[in-house]
Amino acid sequence: RVYIDDMLKVGDDRWATRWRVVAVARQHTDVIHGHDRERTDGIDVSKPDASNALGIVLAKYAPVDVLINNAAVCIGRECAVGNVDYGAWTRSFDTNVMGAMRVLEAA
Numbered sequence: 030r031v032y033i034d035d036m037l038k039v040g041d042d043r044w045a046t047r048w049r050v051v052a053v054a055r056q057h058t059d060v061i062h063g064h065d066r067e068r069t070d071g072i073d074v075s076k077p078d079a080s081n082a083l084g085i086v087l088a089k090y091a092p093v094d095v096l097i098n099n100a101a102v103c104i105g106r107e108c109a110v111g112n113v114d115y116g117a118w119t120r121s122f123d124t125n126v127m128g129a130m131r132v133l134e135a136a
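In this text, residue positions in the sequence shown follow my numbering: the first is 30, and each later residue adds one.
Don't read these hints as lab results, they were simulated from the structure. Errors might be hidden in some of the hints.
Computed list of lysine to any residue pairs in SDA-like fashion (alpha-carbon distance at most 20 Å, straight line) [what the hints assert, rightly or not]:
| # | residue 1 | residue 2 |
| --- | --- | --- |
| 1 | K38 | D73 |
| 2 | K38 | D78 |
| 3 | K89 | V51 |
| 4 | K89 | D78 |
| 5 | K76 | A101 |
| 6 | K38 | D94 |
| 7 | K76 | K38 |
Now the in silico label distances, taken between C-beta atoms and shown as ranges [claimed, not checked]:
| # | residue 1 | residue 2 | range |
| --- | --- | --- | --- |
| 8 | N112 | G71 | 29 to 37 Å |
| 9 | F122 | G71 | 36 to 44 Å |
| 10 | V113 | A136 | 27 to 35 Å |
| 11 | A88 | V110 | 40 to 48 Å |
| 12 | T119 | N81 | 32 to 40 Å |
| 13 | G111 | V51 | 14 to 22 Å |
| 14 | G71 | A136 | 14 to 22 Å |
| 15 | G84 | V110 | 19 to 27 Å |
Ideal placement from N, C-alpha and C gives every residue a C-beta, glycine not left out.
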């Protein structure tokens, strides 16, 4: 959360020099609130249709010069053999690996 806020502050500074900073989030967060920028909510990078949704959003602002992909989830700490939560591993992989690729493809 601190990293995102710092990046948005940099974007606020650049906004005055005609940079366009677009924040895309799975859901609305207080971090984005208060920063003067264009924003869209509702894109979950763990979902297969994320590339299409992101592509539509990013096409409005093409070309993309800088992309910060900060989506990630953390699986539970219980990962011992015999006690693996495969659902948590799948959610983690879908967001952290597949989601990163979906964002890159859309850009």
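What hint numbers does the structure not satisfy? Those not satisfied are hints 1, 2, 7, 9, 12, 13, 15.
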